[in-house]
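Novice: Okay, here's what each chain looks like letter by letter:
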Amino acid sequence: MTDRDAVYATLCRLLEELFEIDPAQVTPETTFQELDIDSIDAVDLVVRLHDLIGKRIPPDDFRQIRTVGDVVDVVQRLSRP
Amino acid sequence: MERGLRFAATVLSYLVYGLGALLVWWLIYPATAWRHPPAARPAYARRLSRRAFRFFVEWMRRTGVWDFHLEGAQRLRGRGRVIVANHPSFLDIVLLFAFVEDAVCVVKPSLARVPLVGRPIRCCGHILADDSQTLLPAALAALRQGANLILFPQGTRTPPEAAWRFQRSAARIALETGAPIVPVYLRYRPLLLGKGQSWHQVPEYRPAVTVTVGAEIDPGKVMDAGLPLSVAARRLTRHLERLYSDWHERDASRAPAGRR
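Protein chains in written order, with the numbering used here: chain V, 1 to 81; chain C, 1 to 260.
If you are wondering where the hints come from, they were derived from the structure by calculation, not from laboratory data. You may find that some hints are simply not true.
[As the list claims (entries may be wrong)] Selected chain C positions facing chain V (Cβ under 7 Å, derived; list incomplete):
#, residue
1, Arg172
2, Pro228
3, Ser230
4, Val231
[Claimed, not checked] A partial selection of chain V residues facing chain C, derived with a Cβ cut-off under 7 Å:
#, residue
5, Leu18
6, Phe19
7, Glu20
8, Asp41
9, Asp44
10, Val46
Being a predicted model, the structure only gives us computed values, none of them experimental. Where is the CB? At the ideal position from N, CA and C, for every residue including glycine.
Let's have the full structure, built from the sequences with the hints guiding it.
Specialist: Structure representation (structure tokens):
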């Protein structure tokens, strides 16, 4: 999963599945606050991302995340060999 | 005149609260807790705390600071349940601690550093809401031991007229444990010690508080089993928000003009 669009699409699908968020509402600039995703939700999301990329998201990276685009960046960086 | 007396009674109540806290947590508890094995001490502290709060709410009633009325008291009896309440005033927790048996409350972490408050929080094993990753396991453990978990899903004191926006942790905890939710609606007329009100503001007339205990909500019956937890928690939270907004509307339409 290194293709940016593919990662983004996967993330949108996860958001819909986990939080009933309409993908049409989401852009890379959308913040998690705007999507009303709280800290417990974020834990769910991290667990699912971990299953997908097979790598743990370091807590420091996790804390930096504000927008949907930030998650795409982190996932891409972690997926690089 | 009446208002002046009520001011005096209010100031006296703060004194009674402070002295009572000193007496219970710096004298009675340390002198008696040793008779209980360490694992049983938080539950013992909670029994002590409940007795002290019962005395205190009754004291404030007898001295005319307020009057309160509990509707549906029998619904509060029981253990291992998630009790949610709206949070208009500082006194909400005083009432709930007086009425709810074996109550563990999820509290703002900053309260642990408040003099006279931090110590009972630690003795009773109340849960500091500082991190959702530690909140969930602590809440599950308390419920499993049969304690009742008190949560204010508004997070902090909120004016009664504000929109109903709940945090999802209460729903989440209930869904994960299968513990029933008992919704409690608190109404102050007029409001006392609400957000932005200072301790020495004594209302024009004596506040009447109604504590309404709603019917138990079984999370498993409200939610389909197949839903992901995150979706179920969202829906259950909306269900609770609707319940409180209905309560509030019914209440507002019942209120006599000018006494809202």
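Novice: Just pull the numbers of the violated hints for me, sorted ascending.
Specialist: Number 10 only.
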